[in-house]
Amino acid sequence: MGSQEHENCNGYDYCKSYKGLHILKAHDQIKELQTILRDRNTTRSDFKFFADRLIRLVIEDSLNQLPFTNCDVITPTGETYVGLKYKSGNCGVSIVRSGEAMEQGLRDCCRSIRIGKILVESDVDTHEAKVVYARFPEDISQRHVLLMYPIMATGNTVSKAVNVLKEHGVEEECIVLSNLFCTPQAVQTVLDLYPKMKISTSEVHHVAPNHFGQKYFGTD
Amino acid sequence: MAAKINLNDPPSSASSDSDVVETHVDFSDVFPEIEIEEEKSGDFYHTPASPITVPYCPRPPSTGSQKSPRSRRQRTTSLNQTTKPATNSIIRTQHRTIYTAGRPPWYNSVGQKVEPFVIGICGGSASGKTTVAEKIIESLGVPWVTLLSMDSFYKVLNEKQHEIADQNEYNFDHPDAFDFDLMVVTLQRLKEGRKVEVPIYNFVTHSRESKTKTMYGANVIIFEGILAFHNAKVNEMLDLKIFVDADPDVRLARRLKRDISQRGRDLEGVLKQYTSMVQPSFNHYIAPLMSHADIIVPRGGENLVAIHLIVQHVQTQLQLRGLKLREELANASKLNMPTPDTVKLLPTTPQIRGLHTFIRNKDTPRDEFIFYSKRLIRLVIEYTLSLMTFVDKTVETPQGFHYNGKKMATSNICGVSILRAGETMEQAVCDVCKDIRIGKILIQTNLQTGEPELYYLRLPKDIKDYKVILMDATVATGAAAMMAIRVLLDHDVLEKNILIVSLLMAESGVQSIAYAFPDVQIVTTAIDPEINEKFYVLPGIGNFGDRYFGTEPSENSSEKVES
Numbered sequence: 001m002g003s004q005e006h007e008n009c010n011g012y013d014y015c016k017s018y019k020g021l022h023i024l025k026a027h028d029q030i031k032e033l034q035t036i037l038r039d040r041n042t043t044r045s046d047f048k049f050f051a052d053r054l055i056r057l058v059i060e061d062s063l064n065q066l067p068f069t070n071c072d073v074i075t076p077t078g079e080t081y082v083g084l085k086y087k088s089g090n091c092g093v094s095i096v097r098s099g100e101a102m103e104q105g106l107r108d109c110c111r112s113i114r115i116g117k118i119l120v121e122s123d124v125d126t127h128e129a130k131v132v133y134a135r136f137p138e139d140i141s142q143r144h145v146l147l148m149y150p151i152m153a154t155g156n157t158v159s160k161a162v163n164v165l166k167e168h169g170v171e172e173e174c175i176v177l178s179n180l181f182c183t184p185q186a187v188q189t190v191l192d193l194y195p196k197m198k199i200s201t202s203e204v205h206h207v208a209p210n211h212f213g214q215k216y217f218g219t220d
Numbered sequence: 001m002a003a004k005i006n007l008n009d010p011p012s013s014a015s016s017d018s019d020v021v022e023t024h025v026d027f028s029d030v031f032p033e034i035e036i037e038e039e040k041s042g043d044f045y046h047t048p049a050s051p052i053t054v055p056y057c058p059r060p061p062s063t064g065s066q067k068s069p070r071s072r073r074q075r076t077t078s079l080n081q082t083t084k085p086a087t088n089s090i091i092r093t094q095h096r097t098i099y100t101a102g103r104p105p106w107y108n109s110v111g112q113k114v115e116p117f118v119i120g121i122c123g124g125s126a127s128g129k130t131t132v133a134e135k136i137i138e139s140l141g142v143p144w145v146t147l148l149s150m151d152s153f154y155k156v157l158n159e160k161q162h163e164i165a166d167q168n169e170y171n172f173d174h175p176d177a178f179d180f181d182l183m184v185v186t187l188q189r190l191k192e193g194r195k196v197e198v199p200i201y202n203f204v205t206h207s208r209e210s211k212t213k214t215m216y217g218a219n220v221i222i223f224e225g226i227l228a229f230h231n232a233k234v235n236e237m238l239d240l241k242i243f244v245d246a247d248p249d250v251r252l253a254r255r256l257k258r259d260i261s262q263r264g265r266d267l268e269g270v271l272k273q274y275t276s277m278v279q280p281s282f283n284h285y286i287a288p289l290m291s292h293a294d295i296i297v298p299r300g301g302e303n304l305v306a307i308h309l310i311v312q313h314v315q316t317q318l319q320l321r322g323l324k325l326r327e328e329l330a331n332a333s334k335l336n337m338p339t340p341d342t343v344k345l346l347p348t349t350p351q352i353r354g355l356h357t358f359i360r361n362k363d364t365p366r367d368e369f370i371f372y373s374k375r376l377i378r379l380v381i382e383y384t385l386s387l388m389t390f391v392d393k394t395v396e397t398p399q400g401f402h403y404n405g406k407k408m409a410t411s412n413i414c415g416v417s418i419l420r421a422g423e424t425m426e427q428a429v430c431d432v433c434k435d436i437r438i439g440k441i442l443i444q445t446n447l448q449t450g451e452p453e454l455y456y457l458r459l460p461k462d463i464k465d466y467k468v469i470l471m472d473a474t475v476a477t478g479a480a481a482m483m484a485i486r487v488l489l490d491h492d493v494l495e496k497n498i499l500i501v502s503l504l505m506a507e508s509g510v511q512s513i514a515y516a517f518p519d520v521q522i523v524t525t526a527i528d529p530e531i532n533e534k535f536y537v538l539p540g541i542g543n544f545g546d547r548y549f550g551t552e553p554s555e556n557s558s559e560k561v562e563s
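Taken in order, these protein sequences are the chains called H and S. Going by the UniProt record's numbering, the residue at position 113 of the first sequence is 113; the numbering climbs one at a time, nothing skipped. Going by the UniProt record's numbering, the residue at position 19 of the second sequence is 19; the numbering climbs one at a time, nothing skipped.
For reference, chain H alone in the conformation it holds in the complex (with noise of 0.2 angstroms):
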């Protein structure tokens, strides 16, 4: 019943608690896509569309947590702008398989950004998470990492990927996590084990629409 209140607000309330957690500023709009992606009435097709207009809001606001410059530029009326520029040297790294369900929303805002994977596997005994195979790019240990992760109940997985990702090099503080419904045991487990690291995401809430990966990618 507690859950109620977080529902209502996006889960807000740990943001106080985790410097690192950063969630899409909530409108309605935001939540009707939500409420769609959560009814389970909702049609495969339906939902991979409004998945995809989620994921794309969500990976323009993690962009927000890359580093940038000021940049001034002449436009064409001959006046200066007040601008920014990105810094390069960033990249994107997904967990399969349902990470790859934001691949191609990153690709819509970064045409040519590089793109690694990690495949974790949960021990079918223990539970325990395990990585079978990841993929970087050469010199990830320079680069910033936005990891893609939609659905994240347990903090496990992503937690194996973080470490991967520092076992290439990569600084904690350079990794942020795109997400779009997460749990608030997974954020204590992930950000209590990396407190540099940041999370953004569109929701924490108790539950976790688990179906996500199955149908976005229609194999349920």
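Hints may be right or wrong, so weigh each one.
Said to hold, decoys possible - Only pairs whose alpha carbons sit at most 20 angstroms apart, straight line, appear in this in silico PhoX-like list of lysine-lysine:
id	chain 1	residue 1	chain 2	residue 2
1	S	Lys461	H	Lys85
2	H	Lys25	S	Lys406
3	S	Lys406	S	Lys211
Stated by the list, open to error - Just the calculated beta-carbon pair ranges, DEER-fashion:
id	chain 1	residue 1	chain 2	residue 2	range
4	S	Asn412	H	Ser45	52 to 58 angstroms
5	S	Cys430	H	Asp72	31 to 37 angstroms
6	H	Ser45	S	Pro529	19 to 25 angstroms
Claimed, not checked - Pulled from the structure, derived: some chain S residues nowhere near chain H, Cβ distances all over 12 angstroms:
id	residue
7	Gly354
8	Lys464
9	Asn543
Note that these hints are calculated values from the structure, not bench results. Source: prediction; values computed, not measured. Backbone N, C-alpha and C define an ideal beta-carbon position, used for all residues, glycine too.
With chain H fixed as given, assemble chain S onto it according to the hints.
For chain S alone, coordinates are given in the frame of chain H:
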């Protein structure tokens, strides 16, 4: 081009007996508009690019014609560009070609409308009313003219009247034959600058067809008919009343010639109808109306001196109503007023500023310009949708609990883009709203006056029931946006249902729109402080449409140097 159209079709009256062979001609060659009419039966209607909207009114059948399936008479007085020298209506500059002049603003800088000039033309049957109307339109050279004929307002006949009409004894020259109430309402709405649906009267069935003729957007309205001055309320709305007078002998001679030689009727029938109905009605009802007239034109369309004087008067009146809208908007000193709360500015995140940096930079290559514009457009459209009204909705989840969510209150959303730059935003609207309807409005700046002019519009038919996302890439003075909003309001869209969405607006444009239309929501990603003398926003993006579509003048092009 349209075939030659006979403008001397007799302007009244069902006529007598006698059969006709000639009425069995296929009129589709002569009246191409009939086809266009069919096209309008779909979800969309449009004001044609040549903007003179003329209703086509089937005339009373010249007898016996009911027998033939092909004999329905379609009178269309097509008085558009064909009557004007083509050279006047095309402006070619080095970089673009503009066809015909558009409709200049019909409202002032606070969005209030200026009434169109209404000319009434009254006169007996075959007196030359249509010729006079045609000559006035031709000499005016104003494209936004609507010709409304009283024939559209004949009453629907009941069965008994229908029988009488079949025997050609129904008096179509009598005031009782007209629906004056509908006429008053229609004229009133036209006078208010609103869109109207003008009935199409079918003289075979003596009823109104299910389709109607849409009329919108006239700065001059010509209302023509045998009893044009009969109704006091109509008279009040007429700014200029012209009575076309012709000698009774001349009128009879014309009628005889026309009905016999062109409609194959016999002398006796025409005379019978003339003496029993047409002439008595004229003497009793039409002739006394002459006292209402401001001008009486003897000899009808042949009287070039009179027509010249009328045109001069109308032109003076139009000039008096003329507006220097854009200049007024640009100079409006409302800058110190607080930003109205209908203005919704996207939160300026680093991402938004980063995108602006790309698209504002004059050295950005076009592929990047398009790519980053599209990203920004997507963001502003998503943001626009968040401004809609939402209601609570609880759904069942696969995880077995109920989720308290939201649902958009309306599914009636449509997009309207202001050509050309606004079109760049259509794709994004289609990407976020499945199966959305998209309307278009073309507004161009008149190079001589610097004023915006309306050229073309095509809107979903039931647009009044929609929330409208009105799109233009940039808003400088707000002149084009205000014209588009005015068009929507004239089509009965509620002001609070309009959202004007753009990537970049100038402060003064925002103020002008917000001040003129306080309930219109204004959505943008950035507001710039100034406008230069060429009405570009500063620091701005430059000409968004030219940069997006790649039609900007080349570097070494002589005239277009920005200092």
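Now the hints, each set against the structure:
no.: 1; hint: S/Lys461 / H/Lys85; in the structure: violated, 45 angstroms
no.: 2; hint: H/Lys25 / S/Lys406; in the structure: holds, 15 angstroms
no.: 3; hint: S/Lys406 / S/Lys211; in the structure: violated, 40 angstroms
no.: 4; hint: S/Asn412 / H/Ser45: 52 to 58 angstroms; in the structure: violated, 22 angstroms
no.: 5; hint: S/Cys430 / H/Asp72: 31 to 37 angstroms; in the structure: holds, 35 angstroms
no.: 6; hint: H/Ser45 / S/Pro529: 19 to 25 angstroms; in the structure: violated, 46 angstroms
no.: 7; hint: Gly354; in the structure: violated, 6 angstroms
no.: 8; hint: Lys464; in the structure: holds, 24 angstroms
no.: 9; hint: Asn543; in the structure: violated, 7 angstroms
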